[in-house]
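Please take these sequences and the hints and turn them into a complete structure.
Start counting the sequence shown at 28; every next residue gets the next number (this note's numbering).
Hints in this document: simulated from the structure, not taken from any laboratory. Since this is a predicted model, take the numbers as computed values, not measurements. Idealized CB from N, CA, C, for every residue including glycine. Any given hint could be a false lead.
As the list claims (entries may be wrong) - Okay, the calculated beta carbon distance ranges per label pair: (1) H313 x I238: 23 to 29 Å; (2) S170 x P217: 16 to 22 Å; (3) R125 x R159: 20 to 26 Å; (4) G270 x I164: 31 to 37 Å; (5) P42 x R147: 24 to 30 Å; (6) I289 x V143: 56 to 62 Å; (7) N315 x L264: 29 to 35 Å; (8) R181 x R147: 34 to 40 Å; (9) R155 x L293: 46 to 52 Å; (10) V143 x S266: 52 to 58 Å; (11) G133 x R86: 33 to 39 Å; (12) R147 x I289: 56 to 62 Å; (13) R86 x D212: 30 to 36 Å.
As the list claims (entries may be wrong) - Cut-off 16 Å, straight-line C-alpha distance, at most; resulting in silico cross-link-like pairs (EDC-like, lysine to aspartate or glutamate): (14) K222 x E131; (15) K241 x D188; (16) K241 x E168; (17) K150 x D135; (18) K222 x D66.
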Amino acid sequence: MPAFNEAANLAEVVPATAAALAAAGLLFEVIVVDDGSTDGTAEVVRGLRVRHPGVRLVRLRRNLGKSAALSAGLRRAEGDVIVLMDADGQDDPAEIGRLLEAVEGGLDLVTGRRAVRQDRLAKRVPSRLYNRATRAISGVEGSDFNSGFKAMRREVADSLDLYGELHRYIPVLAQWNGFRVGEVDVQHRPRLHGKTKFGRSRFWRGLLDLITVKFLTTYTLRPFHLFGGIGAALGLLGSALLGWLTIVKLTGHAVGGRPALIAGVLLMVLSAQFLSFGLLAELLVHLNRRPASIPPVEADE
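As structure tokens, this is what we get:
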């Protein structure tokens, strides 16, 4: 559970979660990551540890964001299956069993799809647009990528490198790493106490990180396909402009003062830069993937 100033909610959510897991007969730990809270979150969790020995506390010195908090928690989790859930009380602990059943049924990562969201319209509408954009750009099937209620196998957690806003794209990253992902419907509840910590800017940051994820999952091992493609398109357009100006010049018309001349030259320069950048990126990828050089030796057999 990543938590930023959720002391009032944790006092109810953690005991309810521990009770649900104990009732299911599971061996568990509940890791609360205090993401630089200033409302006494750490003190509340320490008090809960007295009554619930399975509760763990991880503290970040300052607020680093949800991705950093999740990354810190995943590094310290010891379970074979790891469940992520928010600390605001909107995720129902009773639904954890449904997520675990999906994992046992063959999925490596399952997201709790909020069938009926208990959020304001101003939050639901942008979320729908975001989910459609993510599905279209990433090619991963899903309708609630941003749900914080997830269950995953240990191997999936070990493969994740979360920073920035990449926690929104855990299913995309998991599928790119070869894992089976899916969604199941879960109950979504209103926030227990306080207000959401996410502002409107998170949607713009999320869309920018979607471009990052698309690049990481598509062009990491073939960057020339991206930069070379852009360079080739610019070069074709520049060549077309300069070719047309050449014909105009041969027919006896002046071309020195035409804006098309500057545009054509600029496009050719940009094309050369993109192509060169793509080749350098390919070289870096090749060198990083090449096995370390082994000096030649003679072997007696």
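Here is what the structure says about each hint:
Between H313 and I238, the C-beta spacing of about 24 Å keeps the proposed range 23 to 29 Å intact. For S170 and P217, the hinted distance range of 16 to 22 Å is satisfied, since their beta carbons lie about 21 Å from each other. At about 25 Å, the CB distance of R125 to R159 agrees with the hint of 20 to 26 Å. Hint check: G270 to I164, Cβ distance near 35 Å, so the stated range 31 to 37 Å holds.
Look at P42 against R147: about 28 Å separates their beta carbons, and that is inside 24 to 30 Å. Under the hint 56 to 62 Å, the C-beta atoms of I289 and V143, about 57 Å apart, fit the expected range. Between N315 and L264 the Cβ separation comes to about 33 Å, which falls inside the hinted range of 29 to 35 Å. Between R181 and R147 the CB atoms are about 36 Å apart, so this pair conforms to the stated range of 34 to 40 Å.
The beta-carbon spacing between R155 and L293, approximately 40 Å, falls outside the hinted interval of 46 to 52 Å. Checked against the hint of 52 to 58 Å, the pair V143 and S266 passes, with Cβ atoms roughly 56 Å apart. Hint check: G133 to R86, Cβ distance near 36 Å, so the stated range 33 to 39 Å holds. Between R147 and I289 the CB atoms are about 50 Å apart, so this pair departs from the stated range of 56 to 62 Å.
For the hinted restraint 30 to 36 Å between R86 and D212, the CB-CB distance of approximately 34 Å keeps it satisfied. With a C-alpha separation of about 35 Å, the suggested pair K222 and E131 falls outside the 16 Å cut-off, and the hint is violated. Proximity of K241 to D188 is assessed by CA-CA distance (about 15 Å); at most 16 Å being required, the pair is judged to hold. Among the hinted pairs, K241 with E168 is consistent with the structure: their alpha-carbon atoms are about 15 Å apart, no more than 16 Å.
Pair hint K150 plus D135 does not hold up; C-alpha atoms about 29 Å apart against a cutoff of 16 Å. Of the pairs offered as hints, the one joining K222 and D66 holds, with about 13 Å between alpha carbons and a cut-off of 16 Å not exceeded.
Of the hints listed earlier, those the structure fails to meet are numbers 9, 12, 14 and 17, in rising order.
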